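Colleague: Working from the sequences, and respecting the hints, build out all of it.
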Amino acid sequence: MTGRESRRERARAMQGRRAGFASRVVAAAIDIAIVLAVYEISLLAYGLVRSLLTEKAFAMPTPSAWFSGTILTLLIIVGLAIAWSGSGRTIGSTFIGLRVVTDRGEPLTFFRAAGRALVLVVVPVFSMGWILISRKNAGLHDLAAHTTVIYDWHPRHEPFHPRVPPEATPVVPDPVESRQN
Amino acid sequence: MTVAQPVPEPVDPAVPGAADVLRRGTQVGFGAIGLAGRAAGSLLARVPTARRGSVPDPAAPPAALLPGAVAGMAIAVERVVQIVVDEVMSRGVGVARVVTRPRIVRWSLRPVEDTLWRFNEIARREQERNQAEAAVFMPVLIQRVTENVIAQIDFVRVVQQVPVDDIVASLDIEGIVARVDLVGIIRESTASVTSEATDALREQGMNLDLFTAKIVDRLLLRKRPRQLDVETQ
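Top line first, the protein sequences correspond to chains A and B. Numbering of the first sequence is given in the numbering used here, commencing with residue 1 and proceeding in unit increments. Numbering of the second sequence is given in the numbering used here, commencing with residue 182 and proceeding in unit increments.
No lab work stands behind these hints, which were simulated from the structure alone. Please read these numbers as outputs of a predicted model, since none were measured by experiment. Hints may be right or wrong, so weigh each one.
Stated by the list, open to error - Computed Cβ-Cβ distance ranges for the label pairs, DEER-style:
hint	chain 1	residue 1	chain 2	residue 2	range
1	B	R338	A	S51	21 to 29 Å
2	B	T375	A	S6	52 to 60 Å
3	B	L402	A	S6	25 to 33 Å
4	B	D410	A	K56	55 to 63 Å
5	A	H146	B	S376	30 to 38 Å
Quick reminder that beta carbons are idealized off the backbone N, C-alpha and C, glycines included.
Modeller: So, in structure tokens, the structure goes:
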């Protein structure tokens, strides 16, 4: 077996298992960068529209810290809740190949996703840091919402199939193979 | 009997004179003729024999038959001459054999025979050297001639005279593009490259996950592995 095949085999074996600290931090960092970019673009668009509709020259808006903090918090909570309750993955999670499901492998409801996002936004560092300590790779937001994050490279949005013994493996397309071929 | 041996002459590094140019040119010319003859013989040996039985068009005017008639007449003459020469040679050999049988005749013809052998040997050796020189000279000559010809060609003018618009107008480019799924090809190739890079990044993330978990578990003196499987219902 070549190195590439062994890596694919290991990646295939990891599908559906709980994801660890590094992958989840990278996915969260991508999501935060996207939210910040959306916020900055919104400010830029507001400044452009203001300069076009009024006599003022263009200038980048400089909102107060509490305004920016509130808007960013709302953006993150609403965005995460919509993404987690929909496909179970944000843009960052899609890129890294992660999916958020309940402890029983089911999709999240909107309110459960919103509660999970609220806990994560309120205590982000402590919540993410708990993944390092937890035996189940669970952050505080996972413990609060009874959720978990799994590796799922499957490109399409399909119902999650929890891991079952090999002799009863359901017929589902292999996410690693389907991506490689 | 003395055998003629061509003595190699030292090459004068100075500027060659007219005699040298003439001598060298003659040698190369003979060599080139020899190579050309060999190449022609090789080429003719590969030409397949034409099929017989092609019948001329009966409606053709008599003037159109003239070239064929001349060629046919020449072939007939050549065959007659060949038959006559063969006959003369066969009879001449017999006569020569009878004539040269006496010892005195053979003795008197010996110098002539030696002379013929000597010239034949000179010709053979010189021709070998000429052909070798021609084989060296011809590629250089062809290269120089080709370069000079290319340098003389005004490619811009030649290209401008090519009727590109007419050629393009005669092509059904829209039909060709419609048959080629360019979008699909670009999408598939781009998706393949992106997928490879993404999967590599994901694998690195997996490895880092396992590594960090192992480090923390050792720091916490844990002996049991982490529970990474999601419980089924």
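Colleague: Is 21 to 29 Å right for how far apart the beta carbons of B:R338 and A:S51 are?
Modeller: 56 Å, violated
Colleague: Between B:D410 and A:K56, does the beta-carbon spacing fit 55 to 63 Å?
Modeller: For B:D410 and A:K56 the Cβ distance comes to about 60 Å; the hint holds.
Colleague: Holds or violated: the 25 to 33 Å window for the beta-carbon distance between B:L402 and A:S6?
Modeller: The hinted range 25 to 33 Å holds for B:L402 and A:S6, with Cβ atoms some 31 Å apart.
Colleague: Just tell me: holds or violated, for the beta carbon distance of A:H146 and B:S376 against 30 to 38 Å?
Modeller: Cβ of A:H146 to Cβ of B:S376: about 33 Å, so the range 30 to 38 Å holds.
Colleague: Falls inside 52 to 60 Å, the C-beta gap from B:T375 to A:S6?
Modeller: Because 23 Å falls outside the window, the suggested range is violated.
Against the hints set out earlier in the document, violations occur for numbers 1, 2.
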